[in-house]
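**Q** For the sequence shown, numbering that gives the first Met the number 0 assigns the number 0 to the initial residue and increments by one for each residue that follows.
Hints listed in this document are in silico derivations from the structure and should not be mistaken for laboratory results. Here the structure is a predicted model, which means the values were calculated and not measured. Glycine is no exception: its CB is placed at the ideal position from the N, C-alpha and C atoms. Any given hint could be a false lead.
[To be verified] Simulated DEER-style distance windows between Cβ atoms:
1. 59 - 12: 27 to 35 Å
2. 29 - 138: 22 to 30 Å
3. 75 - 96: 14 to 22 Å
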Amino acid sequence: MAVLGSALVAGFSMIKGGGNLRSADLLLLAAACAGTGYALSGDLSRSLGGWQVICWVLIVSVPFIVPPLLWVLPDVHWRAPWSVWGGFFYVALFSQLIGFFAWNRGLALGGVARVGQVQLLQLFMTLAASAWLLGEEIDPVTLIFAIAVVGVVAVGRHMPVARRRDSGGT
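Generate coordinates for the entire structure from the input sequences, incorporating the hints supplied.
**A** Here it is, written out as structure tokens:
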């Protein structure tokens, strides 16, 4: 069901993108590959704990984050208003760091296979919020794909999932 749901989301993106691959699509593909990190962190959260996992991930990722940071550092608008910096720190602290405490805990409790499928709904939840808050129009194609993805997630939630046993003797 996860593969079918992912295929639906990818198909929707291709249709709405005019059928052409763009550099942003490749970045989206790279982000989808990063889902492996979600799965591993959810698995590891069972034994280590959700907040510890994301904190260790941040520490381990420092060597990978520093080069791009140094690359964009000269373009940072340091004199941006406090509201901008406040929004940045809010997103970094709450939406990213603390949000992952709950996300990793949820993956550990509900299982990566089941809980991870919720991510498939994110695109359509964002589009629904855009329609409600910004007056964006939702066309029939978007509605059909959204219903299909919700159906796939619903079916997937009711399918049996075998949980792997820890092989580390714990």
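**Q** Give a verdict on every hint.
**A** Outcome of the hint check:
About 30 Å separates the C-beta atoms of residue 59 and residue 12, a value consistent with the hinted range of 27 to 35 Å. Checking the proposed 22 to 30 Å range against residue 29 and residue 138 shows it holds: the Cβ atoms sit about 28 Å from each other. Distance hint check: the CB atoms of residue 75 and residue 96 are about 20 Å apart, consistent with the given range 14 to 22 Å.
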